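Novice: Heads up: the protein sequence lines correspond to chains A and B, in order.
The first sequence runs 1 to 376 under our numbering.
The second sequence runs 1 to 595 under our numbering.
Since the hints were made in silico from the structure, they are not lab data.
All values reported here derive from a predicted model rather than from experimental measurement.
If a hint is listed, it holds; no wrong ones were tucked in.
Straight-line alpha carbon distances no greater than 25 Å define the calculated DSS-like cross-link-like pairs of lysine-lysine that follow:
#1 A:K286 with A:K207
#2 B:K64 with A:K207
#3 B:K64 with A:K286
#4 A:K179 with A:K48
#5 A:K48 with A:K91
#6 B:K365 with A:K207
#7 A:K207 with A:K22
#8 A:K286 with A:K373
#9 A:K286 with A:K370
#10 A:K207 with A:K370
#11 A:K286 with B:K365
#12 A:K370 with B:K64
#13 B:K356 with B:K308
#14 A:K373 with B:K64
#15 B:K137 with A:K16
#16 A:K16 with A:K207
#17 A:K179 with A:K342
#18 A:K373 with A:K207
So these bits of chain B aren't anywhere near chain A, every CB distance computed over 10 Å:
#19 S19
#20 E210
#21 S335
#22 R379
#23 Q456
#24 R502
#25 G516
Beta carbons are placed, not taken as given, at the ideal position from N, Cα and C, and that holds for glycine.
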Amino acid sequence: MTFNRRLQSVFLKEIKEIYRDKIYLAMALVVPLILMILFGLGLTLDVKNIPTAVLDQNRSPQSREYVARVTRSRYFTLENYLTDVSPIDQKLTEGKIRLGLIIPPNFDRTLALGQASEVQALIDGAFPDRAATIRSYLEAINLDFNQELASRWGMATGQTVPYIEVETRAWFNSDLESKNFIVPGLLVTNLFFFPALLASIAVVREKESGSIFNIYCSPIRRWEYVTGKLLPYWGIGLINYVMIYLLSDFLFDVPFRGSFLFLTLAATIYLGTSTSLGLLMSILFKTQVAAMLITTVATMIPAFIYSGFFIAVNSMGPEAQFMAYILPATYFMELVRGVYLKGLGLQVYWPNLLVLLLFAAGFLSLCLYKLQKRVG
Amino acid sequence: MATATLNPAFPVISVQNLSKTYRRQPAVREVSFELERGEVFGLLGPDGAGKSSIIQMLTGVLTKTQGAARVAGQDVFADPEAVKAHIGYMPQGLGLNLYDSLTVDENIDFFGDLREVPTATFERNKAELLQITRLDKFRDRPAGQLSGGMRQKLALCCTLIHLPELIFLDEPTTGVDPISRRDFWMIINRLVVEQGTTVFLTTSYLDEAERCHRVALLHQGRIIAQGVPAELMSQPSPKAQGQRRSLEEVFIQALEPEAAAKAAPDIPVRELGPPLDLEGAAPAIRVEGLTKKFGQFTAVDQVSFEVKTGETFGFLGPNGAGKTTVIKMLTGILSPTRGRALIAGLELRAARQRIKAELGYMSQKFSLYGDLTVAENLRLYGGIYRMDAADLERRIPEILAMADLEGREDQYAQGLPLGMRQRLALGCAILHRPRLVFLDEPTSGVDPLARRKFWQIIGQLAASGVTILVSTHYMDEAQHCQRLALMHQGRLVAVGSPEALRQQAEAATGRILDVGSPAFREAFLLLQEHFPQAALHGSRIHISSQHPEQDRDRIQQLLNQARLPVDQILNSPLSMEDTFIHFIQAAAPEAENDL
Chain A
1 MTFNRRLQSV
11 FLKEIKEIYR
21 DKIYLAMALV
31 VPLILMILFG
41 LGLTLDVKNI
51 PTAVLDQNRS
61 PQSREYVARV
71 TRSRYFTLEN
81 YLTDVSPIDQ
91 KLTEGKIRLG
101 LIIPPNFDRT
111 LALGQASEVQ
121 ALIDGAFPDR
131 AATIRSYLEA
141 INLDFNQELA
151 SRWGMATGQT
161 VPYIEVETRA
171 WFNSDLESKN
181 FIVPGLLVTN
191 LFFFPALLAS
201 IAVVREKESG
211 SIFNIYCSPI
221 RRWEYVTGKL
231 LPYWGIGLIN
241 YVMIYLLSDF
251 LFDVPFRGSF
261 LFLTLAATIY
271 LGTSTSLGLL
281 MSILFKTQVA
291 AMLITTVATM
301 IPAFIYSGFF
311 IAVNSMGPEA
321 QFMAYILPAT
331 YFMELVRGVY
341 LKGLGLQVYW
351 PNLLVLLLFA
361 AGFLSLCLYK
371 LQKRVG
Chain B
1 MATATLNPAF
11 PVISVQNLSK
21 TYRRQPAVRE
31 VSFELERGEV
41 FGLLGPDGAG
51 KSSIIQMLTG
61 VLTKTQGAAR
71 VAGQDVFADP
81 EAVKAHIGYM
91 PQGLGLNLYD
101 SLTVDENIDF
111 FGDLREVPTA
121 TFERNKAELL
131 QITRLDKFRD
141 RPAGQLSGGM
151 RQKLALCCTL
161 IHLPELIFLD
171 EPTTGVDPIS
181 RRDFWMIINR
191 LVVEQGTTVF
201 LTTSYLDEAE
211 RCHRVALLHQ
221 GRIIAQGVPA
231 ELMSQPSPKA
241 QGQRRSLEEV
251 FIQALEPEAA
261 AKAAPDIPVR
271 ELGPPLDLEG
281 AAPAIRVEGL
291 TKKFGQFTAV
301 DQVSFEVKTG
311 ETFGFLGPNG
321 AGKTTVIKML
331 TGILSPTRGR
341 ALIAGLELRA
351 ARQRIKAELG
361 YMSQKFSLYG
371 DLTVAENLRL
381 YGGIYRMDAA
391 DLERRIPEIL
401 AMADLEGRED
411 QYAQGLPLGM
421 RQRLALGCAI
431 LHRPRLVFLD
441 EPTSGVDPLA
451 RRKFWQIIGQ
461 LAASGVTILV
471 STHYMDEAQH
481 CQRLALMHQG
491 RLVAVGSPEA
501 LRQQAEAATG
511 RILDVGSPAF
521 REAFLLLQEH
531 FPQAALHGSR
541 IHISSQHPEQ
551 DRDRIQQLLN
561 QARLPVDQIL
571 NSPLSMEDTF
581 IHFIQAAAPE
591 AENDL
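All chains, full assembly: derive it from the sequences and hints.
Specialist: Here it is in structure tokens:
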């Protein structure tokens with residue numbers, strides 16, 4: 001028995017058309033994986049194994065200990081141990097090293113007097129972001145060293161030495177690698193713009209070919225047509241979701257602390273939102289090119305900029321925060337990171353689900369309102 | 001489910017003063033008409049006359065600007081959904097409403113489900129429709145891999161699957177091959193006779209009027225004449241003494257009462273230079289075994305013909321027959337896969353530069369620049385052909401006079417009506433005084449008045465010695481050509497003068513007996529038993545006959561015995577369409593099954 005013959009016929013026809021359009025099908029299934037791999041590998045903010053040259057002019061046990069502290073960390077790799085200052089410039093220029101560390105001749109004596117000793121660090125500044133990262137790594141290692149030094153010094157003289165507490169935990173928690181942050185974020189952004197893009201041709205394709213008149217001129221109800229069109233693309237979105245989830249686990253090795261069942265429930269609702277947004281675009285525009293272009297611009301860019309993917313929403317300016325709050329991806333971003341990294345679930349994120357449901361309902365209502373069985 | 005029927009107390013369609021305006025641009029102006037049950041009503045008019053707008057309003061997919069339209073008493077604008085269950089609508093374009101990746105079967109199934117046709121009824125209708133359209137052998141073929149004619153028949157099956165009481169067909173036969181067209185009309189007539197279906201269709205072919213019970217001629221959104229085709233044509237022709245006027249003349253007289261009798265204006269065309277063919281012996285065009293393949297698809301298959309110098313040579317065939325591909329190979333735009341083409345005895349590829357200045361080409365699609373004015377377009381073409389500036393300034397007024405575009409020099413090309421645009425395009429093609437002109441479907445979609453003007457210009461060009469090769473899908477334009485090539489599926493099925501071709505076909509298939517009867521439905525069903533080749537043409541019955549005198553008596557006798565009234569039985573010549581069908585079948589007897 002069929003639940004609704006007209007709806008079912010639209011649904012099955014759409015699936016057949018998608019399945020037989022091999023290019024579209026390949027795009028629908030492969031592109032999210034490629035995007036995931038490209039972004040996931042390319043967007044990591046970590047810097048590791050930075051080639052480093054050291055010129056130790058002091059050559060004391062203390063200076064050697066300091067150099068070892070830097071070069072034995074996983075962030076820096078000792079490339080050259082120099083005796084002369086001149087090669088540093090050249091090696092930096094050629095890109096052979098990214099960091100040149102120069103320890104002054106009176107390093108240990110100055111420290112013994114309880115004074116500050118300066119260590120010079122020459123950083124390859126070609127990529128400012130990377131340079132900043134290198135500097136902060138180095139500063140963190142330096143701080144660590146200073147703390148030890150201070151406690152040793154304090155013990156030796158019986159006095160306490162004030163030391164500066166720097167908040168570096170977020171960066172140097174050895175567990176918190178940026179991929180654990182980026183990959184779940186990509187799940188959110190990709191499942192926002194991609195299902196919308198796929199659905200954005202659903203109706204407009206029929207308008208371009210002229211087959212939309214079959215619908216306009218038949219007794220089919222608008223909700224039946226919209227539902228029959230929506231479901232296949234929603235289904236593709238769910239397949240994409242599972243693929244991305246598996247990728248995050250097996251390729252990127254992102255730890256998952258929450259409930260997969262809850263994440264799947266949330267993703268299903270979220271995909272309903274993005275798919276119906278795409279469908280709405282498909283109903284609003286007259287050509288496939290316009291629908292796809294506008295959908296991409298309207299979903300991809302905001303998803304990356306305003307959803308909290310790079311920058312936390314609470315550190316945005318008021319205008320950006322406004323953008324963030326009218327963007328469904330923002331609500332899912334918070335939820336996904338919470339589920340992945342903190343293992344939180346429904347009791348915390350039910351309001352997010354509610355907001356996503358409201359978005360979906362809103363988009364679908366607009367679809368029904370805008371889909372008139374008429375031309376023009 | 002469509003169990004309820006259209007209320008028989010009202011006319012099937014009733015339209016009063018219906019108007020539609022798009023952004024202040026009137027498309028339909030105060031049209032009024034009515035359709036009775038079982039009628040085949042034809043709305044005839046050129047492109048842009050407002051045919052599709054009227055159909056879309058009647059099917060409830062377009063809003064009105066003013067006026068009223070009712071389907072069986074139901075206001076289509078107040079409650080469009082109430083009407084939709086009872087109607088079938090086939091939009092314009094060769095099967096554009098089909099789903100290309102779905103098979104023939106799946107397409108029909110989709111429409112059946114969309115209309116929720118009960119399974120038993122559905123299976124019966126589907127089997128019958130597939131059989132009469134001869135699509136039953138192709139049930140598993142994707143719609144995208146069907147020919148134009150087959151697509152159109154499949155679209156018709158899909159539109160008819162729920163056996164609607166009222167069907168709307170928007171240009172169902174434009175560009176369709178003659179055999180598919182004949183099948184198409186057979187299906188329509190069968191529905192009308194057997195089911196009492198009401199048919200509302202539009203067409204730009206005036207010769208299709210006789211297939212309809214009643215017609216309305218539409219021009220620029222207005223109905224300029226309306227009635228039974230035979231009655232409209234019953235007045236004497238303004239030109240030929242003692243003959244009835246053609247529908248084209250009806251059209252032209254309704255538009256410009258004084259223009260119909262007027263002779264063509266004298267057109268200054270050109271002073272002849274030295275002849276292109278220096279020896280004077282070679283034909284203008286000689287084509288030998290010309291073949292063009294696009295991948296697996298053979299667009300042109302072993303075409304050979306000759307065009308004599310000074311001849312007007314017609315290429316007649318449906319969309320996709322290969323006409324444009326042949327012309328493109330003759331102008332050097334496409335290179336042939338096999339075979340060769342000689343222009344004035346010269347190999348096209350070898351002597352291209354020498355020949356090019358002597359060729360004029362008007363492409364099928366709009367070849368003008370819409371955002372340039374009339375004069376700018378002409379100057380641009382003058383520049384492309386490197387015409388001398390002084391010569392160009394002398395030539396432009398000549399062309400403007402010829403194309404009847406004087407006073408419109410500063411109008412943008414895109415703002416001109418289609419007929420004028422086509423004349424301007426022709427003007428651009430002959431600006432440099434070529435001796436050989438290729439015109440690719442120059443009159444497609446143009447209104448009858450503008451079409452006649454266009455053919456008058458072609459006549460003038462021919463009179464001045466220009467050789468013309470012109471392609472068309474209008475059967476009634478064959479008469480304008482000295483010789484014709486009939487093209488079907490990439491092959492040339494016949495070459496000859498229109499009259500010779502007709503006589504040849506007549507010798508093989510016989511004349512047409514044209515039977516008129518007020519009780520034509522009953523008469524048709526009766527005669528069909530005795531003459532299986534009988535076909536309905538509107539309210540007349542056509543029977544091809546090898547022995548017209550004997551058969552005429554037999555028909556008279558059969559109808560008398562059944563006490564069916566007979567108006568007249570005419571012995572008519574074969575139409576160009578019938579002639580074409582004869583040659584297609586003669587060229588490949590199995591073609592009928594493999595369209």
